[in-house]
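Participant: Okay, here's what each chain looks like letter by letter:
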Amino acid sequence: MSPDETANELVLAFADDELCVGQNHSWWIAVGPFLEEDLAFTSIAQDELGHARALYSLLSDDLDHIAYGRPHQEYRSSHIAELLCHDWTSALVRHVLHDLAEEVRWAAMLDSTWVELATIATRAAAEEQFHVQHGLTLLRRLLSTPEGQLRLSSTLIDLAPKGREYFAGSDSGLVTSGILNTSLADQERTWMKRIDDLLAEFELNVDWSGEPPSQGRYGTRSRDFSTLHDEMVAVLQIDPLANW
Amino acid sequence: MVAKAAIDAVRAAVASVADPEYPDLNIQQLGILEDVVADRSSIRVDLVPTIMGCPALDVIEQDVVAAAQASGHDVTVRFCMSPPWTPDRITDDARKILAREYSVAIRPRNGVTSCPLCGSTALQPRSDVGPTACRSVEWCPNCRNPVEVVRSREMGQK
Numbered sequence: 001m002s003p004d005e006t007a008n009e010l011v012l013a014f015a016d017d018e019l020c021v022g023q024n025h026s027w028w029i030a031v032g033p034f035l036e037e038d039l040a041f042t043s044i045a046q047d048e049l050g051h052a053r054a055l056y057s058l059l060s061d062d063l064d065h066i067a068y069g070r071p072h073q074e075y076r077s078s079h080i081a082e083l084l085c086h087d088w089t090s091a092l093v094r095h096v097l098h099d100l101a102e103e104v105r106w107a108a109m110l111d112s113t114w115v116e117l118a119t120i121a122t123r124a125a126a127e128e129q130f131h132v133q134h135g136l137t138l139l140r141r142l143l144s145t146p147e148g149q150l151r152l153s154s155t156l157i158d159l160a161p162k163g164r165e166y167f168a169g170s171d172s173g174l175v176t177s178g179i180l181n182t183s184l185a186d187q188e189r190t191w192m193k194r195i196d197d198l199l200a201e202f203e204l205n206v207d208w209s210g211e212p213p214s215q216g217r218y219g220t221r222s223r224d225f226s227t228l229h230d231e232m233v234a235v236l237q238i239d240p241l242a243n244w
Numbered sequence: 245m246v247a248k249a250a251i252d253a254v255r256a257a258v259a260s261v262a263d264p265e266y267p268d269l270n271i272q273q274l275g276i277l278e279d280v281v282a283d284r285s286s287i288r289v290d291l292v293p294t295i296m297g298c299p300a301l302d303v304i305e306q307d308v309v310a311a312a313q314a315s316g317h318d319v320t321v322r323f324c325m326s327p328p329w330t331p332d333r334i335t336d337d338a339r340k341i342l343a344r345e346y347s348v349a350i351r352p353r354n355g356v357t358s359c360p361l362c363g364s365t366a367l368q369p370r371s372d373v374g375p376t377a378c379r380s381v382e383w384c385p386n387c388r389n390p391v392e393v394v395r396s397r398e399m400g401q402k
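These protein sequences, in sequence, are chains E and A.
Heads up, the first sequence is in the numbering used here, so the first residue is 1 and it goes up one at a time.
Heads up, the second sequence is in the numbering used here, so the first residue is 245 and it goes up one at a time.
By construction, these hints were calculated from the structure, which means they are not laboratory data.
Quantities reported herein were computed from a predicted structural model and do not represent experimental measurements.
All C-beta atoms in this analysis are idealised placements derived from N, C-alpha and C, irrespective of residue type, glycine included.
A couple of the hints might just be wrong.
[To be verified] Some chain A residues near chain E, calculated using beta-carbon distances under 8 Å:
id: 1; residue: 295
id: 2; residue: 299
id: 3; residue: 325
id: 4; residue: 328
id: 5; residue: 330
id: 6; residue: 371
id: 7; residue: 373
id: 8; residue: 397
id: 9; residue: 398
The task is simple: from the sequences and hints, build the whole structure.
Facilitator: So, in structure tokens, the structure goes:
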């Protein structure tokens, strides 16, 4: 792949992650554990879909097609982004893992030589600080209680290694050409350190020793994807000309 | 070359497009209208979304195109990521309407927010996100009213 193609793939993977997580978060609209959380999650879902839209717009003028119309194997989302989190524990944990990763990913693009990407990254990173603040505040408060620890620790330890897929894929030539200021491997290290530091506050440890997942980046969809995708395109399938 | 008169006509027409969320206010008052410019042989309206994922963008775009058409001009709409929208872009007259009609306060950049109803500066945060992502919910201990605060989502702002 040329650096241009690699950059396009990187942006596509990021956009697909944002689309899947935005759609997944929206599952909690009106059924969040309490009203403020319901509102916050809904807003974060909206932001993630906005980020997906901005990234897709770098790749295509036909946003509906690129977001919804591709064959499943052409999506590049990580499996953790596709994961249906229909219990609040995994929804909150994925929110924190995802947004900490997002913060690192945008930071690597802030001064990109791909100027439009840098502009989007600057705007998105500003929104992201609120997501991270929200997720960490809630997670820390819950982990400070025995029941919170009981409910959250095993999910955190289980899902954290799956989050490494956020940094999977090729970045060949992208640091040299200035598209990224930090390699995916270095971004991943920064993210893992943040998770380790966070969990250390609560005397928890993640076992990072397994093989990091990367299948999603190469076209293999997780079991949850088709359910998620069916939900995304439900209206479109009833009425292909539907408009808001 | 697009005549300056045409640009001015479009600017006047689209400035009065109502905001979908605050129909008493228009997109110029809220600082969403960035500029109207000549783009080769056509006219382009640049808009600044309050947040990237604002679901009202399509509605605003349609309304802007329709308003320009009513003034006899076809336009394209571009949503700009830069400059970022901030509450500082809201005009003074719009602030008064937001305070009076909607109990909405504007958080100044790096400044203190005052209650739109009684002026107290002792507002207490209640929910980081309100009915939309660009508004948080606070509580005024002085006049005992809930207050919505339009806030900046720039880097480093609270």
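Participant: What are the numbers of the hints that this structure violates, sorted from low to high?
Facilitator: 5
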